[in-house]
Structures are given as structure tokens and as C-alpha cells.
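Engineer: Okay, here's what each chain looks like letter by letter:
Protein chains: 2
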Amino acid sequence: MEQLQMTRSTQLKTKPATDQLGFGRHFTDHMLLMDYSKGQGWHAPRIVPYGPLTLDPSAMVFHYGQEVFEGMKAYRTPQGEVVLFRPDMNLKRLNHSCERLSIPQVDEKALLDAIRQLIVLEKDWIPEGEGNSLYIRPFIIATEPGLGVRAAHDYLLLVILSPVGAYYSEGIHPVRIYVEDQYVRAVRGGTGEAKTSGNYASGIKAQEVAEGLGFSQVLWLDGVEHKYIEEVGSMNVFFKVNGEVITPALNGSILAGITRDSVIHMLKSWGVKVTERRISVEELYTAWQEGKLEEAFGTGTAAVISPIGFMKWEGHEMEINGGETGDYAKKLYDQLTGIQRGELDDPFSWRYVVR
Amino acid sequence: MEQLQMTRSTQLKTKPATDQLGFGRHFTDHMLLMDYSKGQGWHAPRIVPYGPLTLDPSAMVFHYGQEVFEGMKAYRTPQGEVVLFRPDMNLKRLNHSCERLSIPQVDEKALLDAIRQLIVLEKDWIPEGEGNSLYIRPFIIATEPGLGVRAAHDYLLLVILSPVGAYYSEGIHPVRIYVEDQYVRAVRGGTGEAKTSGNYASGIKAQEVAEGLGFSQVLWLDGVEHKYIEEVGSMNVFFKVNGEVITPALNGSILAGITRDSVIHMLKSWGVKVTERRISVEELYTAWQEGKLEEAFGTGTAAVISPIGFMKWEGHEMEINGGETGDYAKKLYDQLTGIQRGELDDPFSWRYVVR
Ligand SMILES: Cc1ncc(COP(=O)(O)O)c(C=O)c1O
Ligand SMILES: Cc1ncc(COP(=O)(O)O)c(C=O)c1O
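Here the protein sequences come in this chain order: A and B.
Going by our numbering, the first sequence runs without a break in its numbering and finishes at 341.
Going by our numbering, the second sequence runs without a break in its numbering and finishes at 341.
Pulled out of the complex, with its shape left as it was, chain A reads as follows:
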């Protein structure tokens, strides 16, 4: 990759109060851009003042959704360092998504280094306060103007940064989940294992229905048989059944979460048996009836761990662990956030220090 060019903003923004951050509502002073054009490849990496994009109305992203994105967080450690959590995994997944969407591959190392430089420049934007962080959103959009349905020849890669508040302002607590029996997020052979906008567009409707019924997220079943558990909202999902932890296998229609991978490693390091396999909702319900469904929780960058206290599937209502956060969920949350925020040792070398 060429040398990164930097144009500094001459008018810095006022930073929002750390107790008013929310998620993805405020953006920092600068962003990272890089262009792709056929023949030239990826070129002109640059940090510029955060500002509007100018695109032709026929830019392909508006019509055929050729887009991929990532999401990760930068944390400030008690020692004043700035750290990322396994960013190499995010950039690897970005390229995996690119592959599915016919978007040209990026140089992962060079992009990580460019992101590093952006974060160094914006380090004052990493909010103080327990659980706050700087959310990093890399994304690539097809910018070529034209209405033919095919892979574009021109793309823009962007990285924008947003200071975000703690997911749990009052401590980790369980959510209510609705097992979606009508809408489908993704199917084998589709784009489910890519992080691409269309997957999320497809889920908005189901999320609205679930919220209307008093649930905070939907649990997605597989698109083929409507039987097997896939994900929960924008999280992977784990269950503790009779002492064993089970999670849906990466079957091609679910996203390979980085928190998921980390949870599996961590549980195994504790000597817990973890199995990745197909899990039917029926099996889960039976386990629940027999009193063997001991815990359920989602995993993702936003919440890290999201305990599930209640699940509704068709006529069946399941309270899990008395509606309380389970022991594994609590311990995983404490350990993972501890590592992420630099408060604990890093036995798996997951931290990347931004220098």
C-alpha cells in the first residue's frame, strides 16, 4: 500500500459527554479513506476530516448493495494504553466478506496499520468511563455509477470512528428473546456468513415485530427447515445444557463471530466441554423441560456477552436460570472485558496495542 496521506481537520468538534454517548451517534474528527479502481487496485489511502460523501445517484451500492463492513472497539487501559481486541480477525473476516460479495481483497496488514494511525490521531476521542469505548467501523461500498447488475469496477473503503457508551449502564443483565418462526435472516448458499448490509436489512422487520411483542431480540432459525438455531439478533449464541456448552456450528449461514471464537477458547481453557454442532430449538425446549437448560447467552462486539433470561418459541415460554445471569455468562463477561480493557492478563495474546 502507498504511503498514507493525512489532512488534518482545522475545526475540531466538541466531544460529547461520556454519559450521553449511545451507540454510533457521534463521529470523530477524521476518517480513513482508500479508493479502488479496476486496473489501479486499492490506492490513495488517506486520513481526512470526517465529512459527507459525494456519490452519483447511480452508484451501484444504492441499487445492488455491494457492500461489506466490520465492527470492532478500541479501549483505554488503566495504564493509559490504547488497545484493540483481535483486529487481525476482523480484517480477515472483512476479506472473507469481500470474497462472497465479489469485492476486491484488501491488504489486511496495511489496513490495520492505517487504522492504527487513525486511532492514534483520534485517541482523545476514546471515552473515559467504565465500559465506554471507541467503535471502529470499516466498510467498503461500490461507487461505480451505472445500473448494470454486476460487480462494480470502483469502490471506496472507509473507516469511521464513534465513541460509544457502555452496553450495560447498570451492569450485565439478561434479555428476553423471541424465536422467529416466519422471517429468515440467511440461508445456506446465501450471504449469511458475510458481514454485508443486505443481511441486516432483511432482519429489521423481524426485530420490529419482536419488539412490538415485548422482546429485545430475535433468535434466528435456519432458512431451510426452520428448526435449527442460528444466531440471536447480531450475536452468536451459546447454551449450557447439563454442564456442557453448545453453540451452532459455522454452517455457512451464520457469521463467524470473533467474540464467539474467543468464548470457545476461553471456556476450553477452563476445562469446559464446548461443542459446535447443529442445535434444534426442539432439543433445547426438551432440555429446558427436563431442567437441563442451565444458561443461554449471546456473544458479540457490542454487548460482549448478553445473557438470555427468557425465550419464547411458538406457544412455549422458557425462563432460563430463573431469569438471572448465569455463572458462565458472568465469568466470561468479566474475563473478556477485563482482557479487552487491559485490566487482566492476556493469556491468549488477543490484545493489539495501538502505538
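Hint data in this document are derived by calculation from the structure and do not stem from the laboratory.
The reader is advised that the hints may include incorrect statements.
Just so you know, same-sequence chains aren't split out, so a pair can sit in one copy or run between any two.
In silico DSSO-like pairs for lysine-lysine, Cα to Cα no more than 30 Å straight-line [claimed, not checked]:
| hint | residue 1 | residue 2 |
| --- | --- | --- |
| 1 | K24 | K1 |
| 2 | K191 | K213 |
| 3 | K317 | K298 |
| 4 | K213 | K254 |
| 5 | K24 | K191 |
| 6 | K109 | K278 |
Since chain A is already given, all that's left is putting chain B with the ligands on it; use the hints.
Structural biologist: Below, chain B with the ligands alone, put in the same frame as chain A:
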């Protein structure tokens, strides 16, 4: 809807030569815009000079793909009138797509009238020449800045116009189709029956693979069993088997094509038996082996009718009708394009005259 505001371009573009049009590569001097914001609803319809959009990099369309679109054509009749083909159906489908994507409904009548005014203004852009037309692309994008995954509160509706060349520069001719056995376009419960960008993003990869193997389009099988025929590229598909015409039923994962609907009406008016039902590729192959697969063709706004001369499914290669355009395909093409271009009577009242 409020009164349409009009700002005329002061610098009109040079129009492209009518033999160099291609598809969706040139755009006219003006476009139609309309805003939506929560509380205010759809407002400020306006015709303005065609030009770039300015959007925040966090605009939701770039991240979560909340988008819908439509496609139709304006033709110039031998009498010098400008006509659209069943535009009410397109706007109805637009609202149907909006519903699935949690985008607020538009006033179909008012929008059609605004499109009418845009076309009147741009009528000199409707290209002369057999088979040429003015392609009309209405679309709606979520413009609200922010990274929370939910329906946006702000949207922009646009209508852009592109003079397009004849689909068949050398007369209607058959294409080679590859039956896709790995990738899936859509699944029951997904967004397949909506015209939304994510569906097309998902198909680009398969299209590339098929082209690499020497085919011009893919035939999509259902996402559940990979057995039943859904669509061909961006077209609906029909087969003539033993004198009867069959086409996949609208099962929720295929787009309800307006050409499809018109073909069904027209065939029935000729006394042909048309059945909408589930069709397995196996059944089709058996019919082919028995010499009963007499015709196959796709239907869509772009090509109107696209005869299929050859189909490959797993190891099986099927030449259909000796690789030639079938009688129904030819007659439907002639009749439909004749009605669309105002060269024939309009027995079904499908033409909408732009005045
Ligand atoms: C659909 C979906 N599943 C799972 C996850 C969890 O992935 P990660 O742990 O990498 O954040 C995400 C993203 O956060 C997601 O969008
Ligand atoms: C996926 C898909 N199927 C079918 C069609 C055909 O629809 P219509 O006849 O309304 O153009 C289209 C659009 O042209 C399409 O995009």
C-alpha cells in the same frame, strides 16, 4: 403530496448517440427527489438537476442496506406519444417492497404523477430507434446517520432516468442458462419477493461463476431444497411442456414480475393453459428427456422476453427447441413490445400515456 417544485438545469448535457446507449450508463438532465422524515412523512417533492448526492458516511443505507427500487421503461410511439407500461404495478410493488424493508409507504398516485412530470420535462431524452427506450429507476434509501441496527427515521426517494439501447441489437435470440446448485438468491421468509439491493448483491458471485463457464445467466433454485425453480437472473421464467405453459408460483421468495403477469394474461387470452405452480428441475429434465420440453423463456422489463436455448443442470445438458427461439416466446415478444411501443392495440389497457 405537496406541490412539486422544479429547478431546471442551466446546462443541458449532450445526448449520447442512439447506437451507443448501453444500459444505465447515461443519465438525463434532471431527477426527482422527495424526503421522508419521522413526524413529517414524505415531503418536499422536487425536480432538480441530476447531480451527486451528499450523504453522511454513517447513513444507514451504507451499513444496513435499507433500500428498495423499481425499474420500468418509457417508450415513444409511432404517433409521437410517450407511454409507460403498467406503471401502477411498479409503484404498487415499490410499496410492497417498502413494507418488507420497514420503509414508509409512498402515495402511489402522487408519485406516478411526479414521475409523469419528470418524463415530460425529459421527453427529448427518450431515444429514437427500434427497441430503444428511457429506463426509469425509482429508489428509496435510508439516509439517517447512525450505526444502530433499526429502521431509519429519514429516507430519500429518487427517480433517475437513463436512455437505454435495445436489449437485442440483432433481434431476439436464445441464451444459455446455468442451473445454480450452490449459491442461493432468496429463501422463504427472506427478502426475495421485495426488490431490494441485498438480493442482487447476493447474486453477483453466482453470475460471475456462470459467466466464467460460458453461460449468460443463472437459474436460481429454491433456498430450502435446492430442487424447485425460482427465477432466471433478474427475470421470471416460463416453460412450455407438452403444450401447457408452466411458471413458478409466487411463493414469497421470487419477485412478482410485471412482465410475468402480462405474459400470463396474454397467453390465457390466446386460450393457452397456464399453470402457476412449484416446478422441480428434475421434472423439467424428465420432460426434456421425453421430448416434451418445448420452450423456455425468461420475462422481465429489460429483455421483455428472453428465450432459453440451452440449460445445464449438474451433469445434464439440455438443448431446448433446437437452440432456437420458440413460437410462444416470439409471439409474446412481438405482441408485448408492440403494445409497449404503441405499435399495436392495447386490449388490456396496459399503456399509460404521459401527457
Ligand atoms: C449477524 C452477526 N452475528 C454475530 C456477530 C458477532 O460477531 P463479533 O463477535 O465478531 O462481533 C455480529 C457482529 O457483531 C453480527 O452482526
Ligand atoms: C429478481 C427479478 N425477477 C424478476 C424480474 C422481472 O420483473 P419485471 O417483469 O417487473 O421487470 C426482475 C426485474 O426486472 C427482477 O429483478
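Engineer: Now tell me if each hint is right for this structure.
Structural biologist: Hint check results:
1. Within a single copy, K24 and K1 get their C-alpha atoms only as close as 39 Å, which misses the 30 Å cut-off; across copies the closest is 27 Å, which meets it.
2. With identical chains, the CA atoms of K191 and K213 are at most 30 Å apart both within one copy (20 Å) and between copies (28 Å).
3. Proximity of K317 and K298 under a CA criterion of 30 Å is satisfied intra-copy only: 25 Å inside one chain copy versus 54 Å between copies.
4. For the homomeric pair K213 and K254, the shortest alpha-carbon distance inside one copy (27 Å) is at most 30 Å, but the shortest distance between copies (40 Å) is not.
5. In the homo-oligomer, the alpha carbons of K24 and K191 lie at most 30 Å apart only across protomers (17 Å), although the nearest pairing inside one protomer, at 36 Å, exceeds that limit.
6. Taking the shortest alpha-carbon separations for K109 and K278, neither the intra-copy value of 46 Å nor the inter-copy value of 70 Å comes in at or below 30 Å.
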